[in-house]
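Generate coordinates for the entire structure from the input sequences, incorporating the hints supplied.
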Amino acid sequence: MHGNSLRRGSIAGLPAGSGGALPALVLVGLFFVVPVVALLLRSVTDPEPGLQNYAALFGSGTYVRVFLNTFLVAAVVTAVTIVVAFPVAWMLAIMPPAFGSIVFGIIILSMWTNLLTRTYAWMVLLQRTGVINRTLMGMGITQEPLPLINNLTGVTIGMVYIMLPFMILPLVGTLRAIDPMTLRAAALCGATPFQAFRRILLPLSLPGIAAGGLMVFVMSLGYFVTPALLGGTSNMMLAEMIAQTVQSLLNWGLGSAAAFVLLVVTMALYVLQLRLVGGKRPAGGL
Amino acid sequence: MTKPFLSIRAVRKTFGAFVAVHDVTIDVPKGEFLTFLGPSGSGKSTTLYAIAGFQDPSSGDVLLEDKSLLSVPSHKRNIGMVFQRYTLFPHLSVAENVAFPLRVRHRPDAEVKRKVADMLSLVRLENFADRFPGALSGGQQQRVALARALAYDPPILLMDEPLSALDKKLRQEIQAEIRRIHRETGVTILYVTHDQEEALHLSDRIALFKEGRIEQIGTGEDLYVRPASEFVAGFIGNSNFLPAEHLETAAGAATVRLADGSIVTGLTAAEPFSKGQKVRLMVRPEALSLTPGPASAALAVDIVDTAFFGDRRRVVARTPGGDEIDVRPTSDTIDPAGATAGSGQRIFFDPAAAFLFPA
Amino acid sequence: MLLDYNRLGWLRVALAGFTMLVAAFLLLPVVFIVLLSFGSSRWLAFPPPGWTLKWYQQLFADPAWIDAALTSAKIAAMSAILAVVIGLFASFALVRGEFRGRQVLRGLLLTPMVLPVVVFAIAAYAFFLRIGLAGTTVGFVIAHTVLALPFAIIPITAALEGFDKSIEDAAIVCGASPLQARLRITLPSIRIGIFSAAIFSFLASWDEVVVAIFMASPTLQTLPVKIWGSLRADLSPVVAAASSLLVGLTLCLMIVTALLRRKLSR
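Residue numbers (our numbering), protein chains in the order written: chain A, -6 to 279; chain B, 229 to 587; chain C, 114 to 379.
Simulated from the structure, these hints should not be mistaken for lab results. Quick caveat, the model's predicted, so the values are computed rather than measured. For each residue, glycine too, the CB sits at the ideal point set by N, CA and C. Treat the hints with care, as some may be off.
Computed Cβ-Cβ distance ranges for the label pairs, DEER-style [stated by the list, open to error]:
id: 1; chain 1: C; residue 1: G275; chain 2: B; residue 2: R407; range: 44 to 50 angstroms
id: 2; chain 1: C; residue 1: M133; chain 2: B; residue 2: R333; range: 35 to 41 angstroms
id: 3; chain 1: B; residue 1: D554; chain 2: A; residue 2: A91; range: 18 to 24 angstroms
id: 4; chain 1: B; residue 1: D432; chain 2: C; residue 2: M133; range: 22 to 28 angstroms
id: 5; chain 1: C; residue 1: I244; chain 2: A; residue 2: F92; range: 50 to 56 angstroms
Right under this line is the structure:
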């Protein structure tokens, strides 16, 4: 009864048209904001009040290495994703829809397929006795199986696979928004195809590349499943470390501190990305 | 005509079964301002794109000083172009836009700087060098596009409906600008438009396109005064058409009978007609007057409406057959106050200023 | 000319070739898993020495797999329904409401999509442990609804923003009550958005691993948790069979989506 009257009172006091958001606000507030804030508080209270968890996090070579490795993997994945996605997005932006829709279909299929299924497939493909190693050895390119899994190579391949659709799809939008006449004008001005690419097409698609790249980078930073299954113990990433610290070591204070670091970095980059997408003037490549 | 500088030889462009351009042939002397005029879809832009290298013609050739352009990629054709949408590079400043063609040609910095300054003063945008295209009005953007297209002294400048995105006042302003620049630089200009006034105002010669073919090519005056077909007469300037029946042609002067039975003689025929053939008589509104001249033909009409436009008066008349006639007497041929609405009046024209076309 | 498909010359060949390579790269693992699930090799040798259905038989003979699939379906269905209903109300407020802080509210409701799942996973796990919801269906559904909500809000707000409100007003002028106008005019008009919201929020829960790993109990496992456990143990071909069924499900969803979209947008 008490809760009911309180709710009714707050609805009356609420600004126009905001009532519908109340269930969502309650859900997210109670089961998202409260738990996350509680977790963050734990990083400065568990096992005792103070900043000792952060001191341990930044004082230990092991954890600092995890941070560095996380950034390294995210950076490599982002760079490779951009380089692979750009030509595909370019082609998709201009090719006749009949062919394009097949490629779009494949991208959607890959994106919608269960994450574990895709990662599992790469585990099988990349293992020592997997198809890729057998093929390479069969062709005589290598004598010994290459170490493709449980290392940076495996994580990069698996992550790029997952991130590609998130880069390709928005880039197609960016490229379609560029007037083809602009490129024709550049050609008539005397620009060779390479000059037109470097001086016009690339700078004009840079806002899309930057926004998509930041999104891929942010998602990669916090990724758990794929690095855990395709990566090695020597190059653990932050998300896996957080899970392990809490689940196996039951060190909630340290895990929470690491989670807080991840949260701050992610949210900061997210806000930056929103700025990029919202910004009117192209960022420019001058 | 001097020796052709640019020569378009039997250019044909098909898209599947659709023929967009039918074997168009034109010779353009150096320094000419030639306009491709025509309704949309008449093949004028397609012809221009073949010269620019955006589309390969299905057959035919484009020669510049006797050398074929077709195997030359766009970026080596050394042609300037101004587009309908301004197509400035949005991430480059005005100065860098104008400098772009010079930079990709690896010209020395000092030359680039000087040339950019020259070009910006040519289009009177000296004070806008550091602005970005997004901060300019449409007219200013189009002037930057003009400066960019002329920066590398191309022998030919193509302009694809460059004024159609601008409002009327700006259009007139930039038209004057284009005339001045053509005069000052002497560049050969191929200009595409669907606006006949623009074409008349700017061009040395006009090629009027219809359904992929050139209907008539000549000076604006040629097309206006001596239209080769009803289409030309209808497209350039205003005109009145009256149904008539051809009676005879003697010594180049044709005689017809109009729908109301009156006979008009001394007309110019566009082609030979047989006796009794149905024809259409065309007369320009300003060739009509309310007072008889020395050798006038007369039409019996009802005057439906008169309106005053300051420098002239417009009179709407109707023949007994129901055809409306637009009359715009020039001020020296009429007492402006003389025209009032009413039936049973007469209007006059000189048969030498009228034409006959097949119906 | 770089954006004219017909004027790219050799570059077009290069780009098209590269695009086909990437398409093959994206398709390869999916096709590969399906092929392997019918292969007879216990060690997933490729090409398989023979073809068999025994991995599917093992899969269907194991009640743990069936249970996990049913649990997943149940949780995903409930989460999707909740997310769409809550998201629908929220979207009306976000699009139509006139109050300060609307953008902040939108940002807040979309945050669960951006925040690394692992952070939410351990936070929710600790919180649910304390309030006694860890390892329960209710706990699962709540956590997954939080995660699915952004996937419901984004398409619905997009559809609502594209809908001309004056049509709803016209219905009210015609005598419909505001509620009738929304139910009979607005909702049918944004049905494609609602439909997308349902699909996306269902998938958000159905495919969710990280929260599920923490929330699962020995008696309550979702399909991804079951697969995760099998992957950590060994690369059994039974997982390939389960994965192939998931691929099949994805294909069905894609086809249904395409057909419904075509029908609804008519």
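To see whether the hints hold, each was checked on the structure:
| no. | hint | result |
| --- | --- | --- |
| 1 | C:G275 - B:R407: 44 to 50 angstroms | holds (47 angstroms) |
| 2 | C:M133 - B:R333: 35 to 41 angstroms | holds (36 angstroms) |
| 3 | B:D554 - A:A91: 18 to 24 angstroms | violated (51 angstroms) |
| 4 | B:D432 - C:M133: 22 to 28 angstroms | violated (52 angstroms) |
| 5 | C:I244 - A:F92: 50 to 56 angstroms | holds (54 angstroms) |
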